[in-house]
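With the sequence shown counted from 1, adding 55 to any position gets you my numbering.
Some clues are possibly wrong.
[As the list claims (entries may be wrong)] The list that follows gives simulated cross-link-like pairs (lysine-lysine, DSSO-like), each with its CA atoms no further than 27 Å apart: (1) LYS204 <-> LYS157; (2) LYS77 <-> LYS525; (3) LYS157 <-> LYS117; (4) LYS203 <-> LYS126; (5) LYS855 <-> LYS820; (6) LYS147 <-> LYS168; (7) LYS142 <-> LYS82; (8) LYS203 <-> LYS157; (9) LYS453 <-> LYS126; (10) LYS154 <-> LYS447; (11) LYS971 <-> LYS464; (12) LYS916 <-> LYS904; (13) LYS126 <-> LYS142; (14) LYS203 <-> LYS77; (15) LYS157 <-> LYS133; (16) LYS215 <-> LYS622; (17) LYS464 <-> LYS447; (18) LYS126 <-> LYS222; (19) LYS622 <-> LYS536; (20) LYS75 <-> LYS126; (21) LYS548 <-> LYS154; (22) LYS75 <-> LYS222.
The hints are simulated quantities; they were obtained by calculation from the structure and are not laboratory data.
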Amino acid sequence: MSSLSRELVFLILQFLDEEKFKETVHKLEQESGFYFNMKYFEDEVINGNWDEVERYLGGFTKVDDNRYSMKIFFEIRKQKYLEALDKHDRSKAVEILVKDLKVFASFNEELFKEITQLLTLENFRENEQLSKYGDTKSARAIMLVELKKLIEANPLFRDKLQFPNLKSSRLRTLINQSLNWQHQLCKNPRPNPDIKTLFVDHSCGQPNGARAPSPANNPLLGSIPKPGGFPQLGAHGPFQPAPTPVAPLAGWMSNPPAVTHPAVSGGAIGFGTPTNPAAMLKHPRTPSAANPSMDYPSGDSDHVSKRPRPVGLSEEVNLPVNMMPVTYPQSHSYPQDDFHKAVARTLSQGSAPMSMDFHPVQQTLLLVGTNVGDIGLWDVGTKERLVVRNFKVWELGKCSMALQAALVKDPTVSVNRIIWSPDGTLFGVAYSRHIVQIYSYHGGDDIRQHLEIDAHVGGVNDIAFAHPNKQLCIITCGDDKTIKVWEATSGTKQFTFEGHEAPVYSVCPHYKENIQFIFSTALDGKIKAWLYDNLGSRVDYDAPGHWCTTMAYSADGSRLFSCGTSKDGESHLVEWNESEGAVKRTYQGFRKRSMGVVQFDTTRNRFLAAGDEFVIKIWDMDNTSLLTTIEADGGLPASPRIRFNKEGTLLAVSTVDNGIKVLANADGVRLLRTLENRSFDASRSASETVTKPLINPLTAAAAAAAAAAAATSSGTAAPSSITAMNGDNRSMVDVKPRIADESMDKSKVWKLMEITDTAQCRSLKLGDSIRTAKISRLIYTNSGVAILALASNAVHLLWKWPRNERNSTGKATASVSPQLWQPPSGILMTNDTIDNSPDEAVHCFALSKNDSYVMSASGGKISLFNMMTFKTMTTFMPPPPAATFLAFHPQDNNIIAIGMDDSTIQIYNVRIDEVKSKLRGHSKKITGLAFSNVLNVLVSSGADAQICVWNTDGWERQRSRFLQIPSGRPTSNILDTRVQFHQDQQHCLVVHETQIAIYDASKLEPVKQWPPRETSAPPITHATFSCDSQLIYASFLDATVCIFSASSLRLQCRILPASYLPQNISSNVHPVVVAAHPSEANQFALGLTDGSVYVMEPLESERKWGIPPPAE
């Protein structure tokens, strides 16, 4: 509901209160959920009107919304139960126990048992905890104090406890102002106008007051009924049938509920509204011949109701009411410009796209969800991947035990559907495991976590947005055979629709006139339709194919289509006659045995498209014969995923190599070409303002790298360098020759970003009240709200960020100082050491996925600490040998890979305290371990400069190789070799003090390396991927920090020591470890030799660490 509509409700509430409509006031408060009248609530509680108390509360919250709501309902029902016991009304008490209190048994079974035992007492005050219970009146007053505290603390009541400060009779004042304005418009205004009605506009020219509003003032109404009458809508009324009548869905509904008062639409009150949904079933509303351009907006979240505008018209242009719509010839002689034949972009996603959706307003923004749970946001115009996120449960502790158990058993998750909200400010992701995640979009690459809902038991098969009752809602369906409706702001569940007998496969929300409804399809082929009430399904029809079926409306909402594939592979694309619930048209052109579930889409009220037989098939909506096919230069899967943008100029299609091709018609090609030119001009002007780099030893290395890159950019680059990193498009897409306008060598325009002082970035030194030595290990918690460090004196330090007005997310940031956290006991997490000389030991730790415990070692036994209490839960594996590196198995938290100083790797099961395997292959201590759950391998690195790959099924060594150490570069053990997997789980970052390299882990072959030639760069002390694997953060012995583009391993930004270190600090102080934030790709932290920790972020005005260097 818009803010103005919300304010109108408050005005009506004030009016009703002033007119003494007391019951209606509170009913509207409850139904709207905008204002919680605490005074009314207090009165009802004191009077013991428990049914009304719960009914009123129900407008604002439900029992299971959150812990505050649960406590509120529990206290009320417990009081009701005690009062029944106090009256010795055992039967009433039992009824309350069974109907009202049993719901809490699943949360606290012991408490429920204790409450039940009160039935056995003659006086419940014999129970020690209830011994001070007084009389009913005082007990209610005491409870009310507690309820008020809970309500005020409950976030669902935020901004709902204060009524706006309004002048008295504000609604009457607005009406009087409107009448005065209408009177001023009269051609012959009378000095004392006699206004007798508000139902029509006032006019002194027509004393009967029945002047109807003009079509220009009410373009949504079409033709206007004659003055004085409110005729029924239908073919015999004032609306003349159009050549193709728009049939309503409601004709399918067998038992729509009667409505006793006229529904109110967005138009003028009293006009063009049937008195109940059944009227619309019999008399479909059709546009009049006088106003054929009237649109029927679609509630389908896939298609925003918006006609394509002619080129050059802005959104503010008011088109004439009688403007004729474009009519398309009913033949196959279409201009070739209409079809998406040109492959305009090729994007490499890195994993198989399962669902795609273009932004409803920014026509070149493309969302992608993949088969491994990744989501990506691409700007097709600039060919840049703005965002990439791996699947992660945001708050695992709040999820059901069923979901937690399922993820432990099998952590693989796929995206089933990804979709924008109608205005593009939110997008939703439905996963194959229980949950949906809703992100808010703030432009550019700024996406933020908004809601995480544990929606269904099993997979969530579809998600959509709709606006029932003018309120944005999220609709989901799942394997548990239900459809659920959630409020999009708070995630409150509003409806659960039950009735399907098989998993629900898809949902399609829509509206006609004032009826909002949802179509759903299930895997048994049943189609049902639901109103936003609890009266069950209105439709029960069979879909062709009787299996996987999706439904969609044309962009103008006037025509309904479905596409489905049977278990035998027979596909059916049909148009429905909504008024009869029957198939109106069946489209031809499918093979008898489709090799997958066929996906389809509609565009421009004109064409249908489906992915089948390794091509895209196109139909004219008005012709059942196949119109044309598009091969997209080959490389499509048997049943490709497809998606049009809202204007129909671009078409995205999935490819067999885990990529996406974006096809364009003539308008789309022009659009992309315009955006390319703008992007190039912007990058050129931006690069001209970059400060000229300073010269230091590292600059020589960067210059050498740039020179090498420039040498290869002439066309001699090896193919492997182009296809290096599967997750980044900048080095892989659109490798065809550029058009003449773009032939300028961009590498001559781009300049390295150099940060030389504190004003050019945000840096924050973390406070430390505990004096520590060198920071040996550093990591962000998986939630991103804290940083954990392990110092060389074997002590752990944990900094937590507060959630407040300056930091609404509570996540780590350089803008707000965190607190060095300790439990009330004051104990420290301190590792076991040997001979009290921890400084000489090798330190290592690993954090559990849910941040609840950390496993750590500093030369002595391995310790398992509780992260909440800092208590040592257990210790094991006393040396020798000593642990030198720890890594959790990605699919089983009980399995740990432990690298040892005797060069072995032990695969240890914590639960049964047993070493399952011992791996031998290195000749010196183990310095790094990394698992890939895609390749099912463990990669290890050692102080012998060797990398080994081990199969995790049988723990056999598959391959190994030694690093190529540049000649004349003696190693100093500043950094032992480290390994880390790219987010694609196929490429591996290998870091040595002499080099940074990207390896193809399946072949153990280097793909890229920095520096590319022998240079005099200072030794590298540490390096790590950013959370999205698009950047590599590297620290050096001279305290410089370099940021590389991961796709090309070219230097993108350099941060000099003066920009974050104090001037009087020793020259020996430098970073020894770098940690990347788990969800903020441009934030990292540094652990230094003097025991300090710094958090680094770019300026808010920059938001990124420079501009990626041009692809080689």
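Ascending list of hint numbers which this structure does not respect: The structure breaks hints 7, 10, 16, 18 and 20; every other hint is satisfied.
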